[in-house]
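Colleague: Sequence order for the protein chains is A and B.
If you're matching positions, the first sequence starts at -11 in this note's numbering and goes up one per residue.
If you're matching positions, the second sequence starts at 570 in this note's numbering and goes up one per residue.
These are computed hints drawn from the structure, not numbers from a lab.
On a predicted model such as this, the values are computed, not experimentally measured, just so you know.
It is possible that part of the hints are untrue.
In silico lysine-lysine, PhoX-like type, Cα no more than 25 angstroms apart, as pairs [claimed, not checked]:
(1) K611(B) to K2(A)
(2) K43(A) to K668(B)
(3) K611(B) to K29(A)
(4) K52(A) to K625(B)
(5) K668(B) to K8(A)
(6) K668(B) to K29(A)
(7) K54(A) to K639(B)
(8) K639(B) to K625(B)
(9) K611(B) to K8(A)
(10) K636(B) to K678(B)
(11) K668(B) to K611(B)
(12) K29(A) to K571(B)
(13) K29(A) to K678(B)
Quick look at which bits of chain B chain A covers, simulated, 3 or more residues with Cβ under 8 angstroms [stated by the list, open to error]:
(14) 608 to 615
(15) 640 to 647
Here a beta-carbon is modelled for each residue, glycine too, at the ideal position from N, C-alpha and C.
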Amino acid sequence: GAVVSQHPSRVICKSGTSVKIECRSLDFQATTMFWYRQFPKQSLMLMATSNEGSKATYEQGVEKDKFLINHASLTLSTLTVTSAHPEDSSFYICSAQRTSGSATQYFGPGTRLTVL
Amino acid sequence: QKEVEQDPGPLSVPEGAIVSLNCTYSNSAFQYFMWYRQYSRKGPELLMYTYSSGNKEDGRFTAQVDKSSKYISLFIRDSQPSDSATYLCAMARISGTYKYIFGTGTRLKVLA
Chain A
-11 GAVVSQHPSR VICKSGTSVK IECRSLDFQA TTMFWYRQFP KQSLMLMATS NEGSKATYEQ
49 GVEKDKFLIN HASLTLSTLT VTSAHPEDSS FYICSAQRTS GSATQYFGPG TRLTVL
Chain B
570 QKEVEQDPGP LSVPEGAIVS LNCTYSNSAF QYFMWYRQYS RKGPELLMYT YSSGNKEDGR
630 FTAQVDKSSK YISLFIRDSQ PSDSATYLCA MARISGTYKY IFGTGTRLKV LA
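Same shape as in the complex, but just chain B (with noise of 0.2 angstroms):
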């Protein structure tokens, strides 16, 4: 069992549809919860920064983080085209260098 499992998509929605993009993971060793987007060729960006439980808003984009069912979501409210990316999650231990463990990537394309 990966460590960490994303729904890779493709995900297809229409201009002005709330996105929700999701991530369960195994380890509950986990403190730290990113988000990250990438569009095609380039590094990643990141967009949210979580820590334990609890939920971050962002303009248009929440976050969420559920440690008791080890699931986190990123929610994008009002999309745009140019949403469309690869979303990664990201999480990390407490530890002395914070190694991330990736999500394979859910790809997004909004609809105009």
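The shape of chain A in the complex, shown without the other chains (with noise of 0.2 angstroms):
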């Protein structure tokens, strides 16, 4: 199989604060993870790709000290959403994809994050 786990599955916080949300492919190597944002009754929106030991990549509009994305190793990414306010609302999805080369892409459970 292709697991991907995601960690808080739901997070409440106040205005203000920082979140960080973990994602970790578990039975399988990811070299490239990627992080979307969804709205509700929306489809996906791709926030940044993230390459295991290098800087990740964002998408227009997606400010990068904001969202900040951590690659540390090859099961693991983490967002961390800093100084979060009430309009960063959202759920939160990671995928991994398997090895490079290859187009598939496995996700997570999601991360809901409700800013107060």
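Hey, can you piece these two chains together into the complex? The hints should help.
Modeller: Shown next as structure tokens:
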């Protein structure tokens, strides 16, 4: 199989705090991981692409200083939402590619972030 | 014009019906075509994956790609209430990172 986990599954925080979301590939090594954001009844919007050991590539319009991504190992990537505000409330989903040269992405279960 | 167009639905069908879900796209550079199923408040689950044109079958699911028409389809035979979910098409170019472009998703409800 190709299992991707995310932690936490749900988080509620106060405005101004920072929140870290972890994405792990449990049974395979992921050379590339992706972070998406999904608003209710909308599709997934790619935020950034991260490769192990290098800086993430952010999509246009995504603030890299606000959404910090670290891909520390071949099985772990983290997304930190810094100084969160209510407009950052959303469903954040990560995905992982098994190996380079493979187009298939396996998705995590998502993290619902609510900023009060 | 969006790169990928998908009717958001909702689509309601009786149990046992054949369901046809479709996406159109504008960029001829897309080579990889995927269908994902997403239940409410869950991450997408890979259903089918095809490369270039042709058909692919897996159990009750059949994926078709017509690159000449820039049109892809997912057929679900003998639909079940458990198939009720949002179905997302996704496409990727041949490139270093294979970034996906998603359709908006079609909400399907199979009535018992």
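Colleague: For each hint, tell me whether it holds in the structure or not.
Modeller: Here's how the hints hold up against the structure:
no., hint, in the structure
1, K611(B) to K2(A), "holds, 24 angstroms"
2, K43(A) to K668(B), "holds, 16 angstroms"
3, K611(B) to K29(A), "holds, 13 angstroms"
4, K52(A) to K625(B), "violated, 39 angstroms"
5, K668(B) to K8(A), "holds, 24 angstroms"
6, K668(B) to K29(A), "holds, 22 angstroms"
7, K54(A) to K639(B), "violated, 37 angstroms"
8, K639(B) to K625(B), "holds, 17 angstroms"
9, K611(B) to K8(A), "holds, 19 angstroms"
10, K636(B) to K678(B), "violated, 28 angstroms"
11, K668(B) to K611(B), "holds, 21 angstroms"
12, K29(A) to K571(B), "holds, 17 angstroms"
13, K29(A) to K678(B), "holds, 15 angstroms"
14, 608 to 615, "holds (count 6)"
15, 640 to 647, "violated (count 0)"
Hint violations for this structure: numbers 4, 7, 10 and 15, all remaining hints satisfied.
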